[in-house]
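K.L.:
Given next are the chains, with one letter for each unit.
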Amino acid sequence: MREYAAKRIGLFIPTVLLITVIVFVVMRLVPGDPALAILEGEGGGIYTQQDLANLRAELGTDRPIVIQYVDWIGGVIRGDFGDSIWFRSPVMGELNRRIPVTVELALLSTILAVLIAVPFGVLSAIKPNSLLDYGARSFTLVGIAIPQFFAAIILILFLVKAFGWLPPLGYARLGDDPLTNLQQMIFPALALAFYEMAFIARVTRSSMMEILQEDYMRTARAKGLVEWIVLLRHGLKNALLPILTISGWQFGRLFGGTVIIETIFLIPGIGRILIESIFHRDFPMIQAIIVIVGLFIVTINLLVDLLYGWLDPRIRYS
Amino acid sequence: MSMLKSADATQAETQFRLRPKPAPPAALFRFARRYPLGALGGAILLAMVLTAIFAPWIAPHDPQATSVERQYARPGSALILGGDQLGRDVLSRLIYGTRISLYVGLLSVGIGVTAGTLIGILSAYAGGAVDLVVQRLVDALMGFPPIILALGLMAALGASMNNVVIALVVILLPGATRVVRAQTLSIKELDYVLAARAINASPLRIVLRHILPNVAATYIVLSTITLGFAIVVEASLSFLGVGIPPDVPTWGGMLTLGASRYVNIAPWLAIFPGIAITLVVFAVNLLGDSLRDVLDPRLRGGI
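If you're matching them up, the sequences are chains R and E in order. Quick note: the first sequence uses our numbering, first residue 726, plus one each step. Quick note: the second sequence uses our numbering, first residue 333, plus one each step.
Any given hint could turn out to be false.
[To be verified] Chain R regions said to be covered by chain E (calculated; three or more residues, Cβ under 8 Å): (1) 865–873; (2) 879–889.
[Unchecked claim] Computed list of chain E residues with no C-beta within reach of chain R, every gap over 10 Å: (3) Q403; (4) L434; (5) P578; (6) A602.
Quick caveat, the hints were computed from the structure, so don't treat them as lab data. Since the model is a prediction, treat every value here as computed from it, not as a measurement. Beta carbons are placed, not taken as given, at the ideal position from N, Cα and C, and that holds for glycine.
Build out the structure end to end from the sequences listed, making use of the hints.
P.N.:
Quick look at the structure:
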């Protein structure tokens, strides 16, 4: 296990460094001068030569690119991503308030997806080609094809028509008002969970189908165990491993979907501020958000891999 | 690449028989009989291509023509699928939107998957330091959720159709590279490649004559399956307002306006473009899954 962990962590570090380099390079792809782009985009082109020089110095774009990178990465290690151009304050000040919102949304969505998808996956594996199996599988096919934003709009439309519910304009923090917060988050989380659900249900089904063929399932039945204990303790427990991996992996991926869901449901998370920052041309903010999401995902992937290696010794030796 | 997993397992379970290669029309017919869902997907895709090509003849109205009396016209009245907030015909805009979706999708998949395939072969065949560097880059690029990476690129490059294609190429590259690399690694060790090497064939010859033909199936399957994904990402970017400029009729862009402000009074503005996107992705997934099972069953679960 130690060797496997060392190898896996050894791959992690260069990936993390490359992520910062990629984001840094991408942000320098702005045609021409970012300072010029900001001034012309925002103030309708009214600025003095002095403004331009000041902004260049503020962004640090008047120095060689390698120095800029080293300077920036030094800050990143200390958790300092520079100042936002739009908010005129440190990027992290704003993000510290928003990251928990997005994490809550992603977590809630993963929990919903697992709670709904796993039972369906198990049921359709137990009774393949039954009505329920066909239903679950058709849902899976549609769930994977339907774009997230469309799923969210359909959900809103349904809620509006059925209950007169609209996305709330104000946002209640989980700490201040848990009940209102959950009321606000449950539907966005559901919309976000749609794709994930389809995916988890499919993995559960195939993983469970495989396990139902195993000898130990027959043994468990032969010794007279009740069917549901056979299915839960011998079947599902062994099928959980791939489900866990997929869910962990999807959890990271969800951060892409939150951009869309937060925009539609007016949730003040990092996804929504990413879009706003693109419109404001707030490059330090964009850069910070993308790096944080990238680092978060590779870390989650690392943890999932380590957990998987720990749970299933076969992985470590392959 | 998670979006691209197998969809119709029943069909996959029933094949694996070797059969002689039939003539093309017969092959098509066999394919349709064995994989009805795949054929359905292919038919929908074909209909979409024809719609895109003949858009000016099919569309009942000018997609840009505004009209006061047709504002929010209900579907089924004067306009089949209703009118939007400026009185433009939703159906005509959908028909023209097919062009954009297909153009952006095909172009980005064509460039992205082709380049990914070449890099994957190179990486696997060269091995050593080249392989190591390429794989770390692929790891890093796959660390970002595709839409976030695309948003970063759009933020830097600015909103335009060509930049959407560039962003899509970048997010399609790492997945294609990884799949093709894995494929090449296993082909590299097969007897016929070893035999070619034994008779002192040049690396270029081995790649062109022995490896490339054997990743062709993977290439076709990858292209089909990623097309749906590319179309959704393009629509998502346009939906978020950072993709293709709003004056161009795109499915994602139509949803933006339909979704945010008018969903209460005119739900059809959101529903029809949404259905169009879902239908196309659905069709492409069905076709891709069936093609994969026909051309390269080893890939199942791999892509």
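K.L.:
Could you run down the list of hints and mark each one as holding or not?
P.N.:
Comparing the hints with the structure gives:
Chain E is given as covering the stretch 865–873 of chain R, and this holds because 8 residues of the stretch bring a CB closer than 8 Å to a CB of that chain, at least three being needed. With a cut-off of 8 Å between beta carbons, the stretch 879–889 of chain R has 4 residues touching chain E; three or more are needed, and the interface restraint holds. Remark: the non-interface label on Q403/E is consistent with the geometry, its nearest Cβ contact in chain R lying 20 Å away (cut-off 10 Å). No beta-carbon of chain R is positioned within 10 Å of the beta-carbon of L434/E; the least distance is around 16 Å.
Listed as a non-interface residue, P578/E keeps its Cβ farther than 10 Å from every Cβ of chain R; the least gap is roughly 13 Å. Annotated as non-interface, A602/E brings its C-beta within 10 Å of a C-beta of chain R; the closest such distance is 5 Å.
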